[in-house]
Amino acid sequence: MNKIGGEKLLSIWWFLVLGIVGLGIVGGVFIFYSAGVDIREIEANVLSEEIINCLTGQGYVNDALFENDFDIFKECNFNKEIINSREFYFEVEILDNNGKNLTKEIKAGKSSFKADCGVTSGEEEKKIKAEKFLKCIQKEESVIYYKNNEKKIATLYILTASNQRGKKIAGI
Amino acid sequence: MKKIRGLFFKNKKQKNNFFNYNFFPKNRRADEMLFPVIIFIMLNLIFCTIFLTFVYTYSTGASVYEQAYAKEIALLIDKAKPTTQIFLNFEKGFEIAKKNKISKENLVSGENNQVIVKLSNSRGYVFEYFSDYDVNFYPDKENENNLIIIIREKGEENE
Chain A
105 MNKIGGEKLL
115 SIWWFLVLGI
125 VGLGIVGGVF
135 IFYSAGVDIR
145 EIEANVLSEE
155 IINCLTGQGY
165 VNDALFENDF
175 DIFKECNFNK
185 EIINSREFYF
195 EVEILDNNGK
205 NLTKEIKAGK
215 SSFKADCGVT
225 SGEEEKKIKA
235 EKFLKCIQKE
245 ESVIYYKNNE
255 KKIATLYILT
265 ASNQRGKKIA
275 GI
Chain B
2 MKKIRGLFFK
12 NKKQKNNFFN
22 YNFFPKNRRA
32 DEMLFPVIIF
42 IMLNLIFCTI
52 FLTFVYTYST
62 GASVYEQAYA
72 KEIALLIDKA
82 KPTTQIFLNF
92 EKGFEIAKKN
102 KISKENLVSG
112 ENNQVIVKLS
122 NSRGYVFEYF
132 SDYDVNFYPD
142 KENENNLIII
152 IREKGEENE
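Same order as they appear, the protein sequences are chains A and B.
For the first sequence, our numbering begins at 105 and goes up steadily by one.
For the second sequence, our numbering begins at 2 and goes up steadily by one.
What the hints contain is simulated information worked out from the structure, not anything from laboratory work.
Built from N, CA and C at the ideal position, the CB exists for glycine as well.
It cannot be assumed that every hint is accurate.
Going by beta-carbon spacing under 8 Å, a handful of chain A positions derived as facing chain B [claimed, not checked]:
hint, residue
1, 119
2, 268
3, 271
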């Protein structure tokens, strides 16, 4: 025989090992690049910033907000169909010092998202880590408003959520 | 049956020769030794080249950039105010599209609140923006690496 172990390795088995390593590389690359870029949190953040920008200006609440026919979609240039039928949600509340809501209910999007946000956000020890779940942003801002020509301070609460992932399309 | 076995294995000792082929046998003349070594090295090089090419092609491929550009553009639109003109560096996108023989004018489209980026012939990537604007995309004639995004109020006419 006169063979040593090293010689035996350099045979067809060597290529089999290379094949297994190659398959590992292919699998790893495929999994890594098909994971996608997650911008749901950024998108929820953009949505909340846009709401703040259109409802307030230099710290003052937009007067239109207190009108009965106030339409947030028109005021903030949001597409009603997209927000209501796709993976978005937002809710706005303006509370005075006594905790009373100063406006009518302002919310849109998938109503189930509010409960889902409660699962993934909130207190650190209570929240559950769920990577495939929606992303939520909660913001709180102090704002100034006028009532009977008197300057008052209120708190603006905003909850926004996004679960939009985008999709690949074939044959366009 | 014995005849068929005989085609592959001459005797019992040679039974496993295929899987135990030794590329470096001992007691051979130098010229006999060189040929298998060259084949072995070449096969290894070919193998490594194939995998490096695969990793490079996949990581710089259309699908990765389609997704990144679609999401970036959708965020830019959502963050913008009408009327805004955005100059986006689209160099890599143009490069990939050129490789795939796709015209610069048809790479990005935005209808029904959807940004569609298509850098290859077979597929594309769609991402929706929530702002209610009309959006148009044009390749920049002054800087060939830029893509111009024009954001207007709905119904506003093109200039």
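Hint compliance check: list the failing hint numbers for this structure, sorted ascending. Result: no hint breaks.
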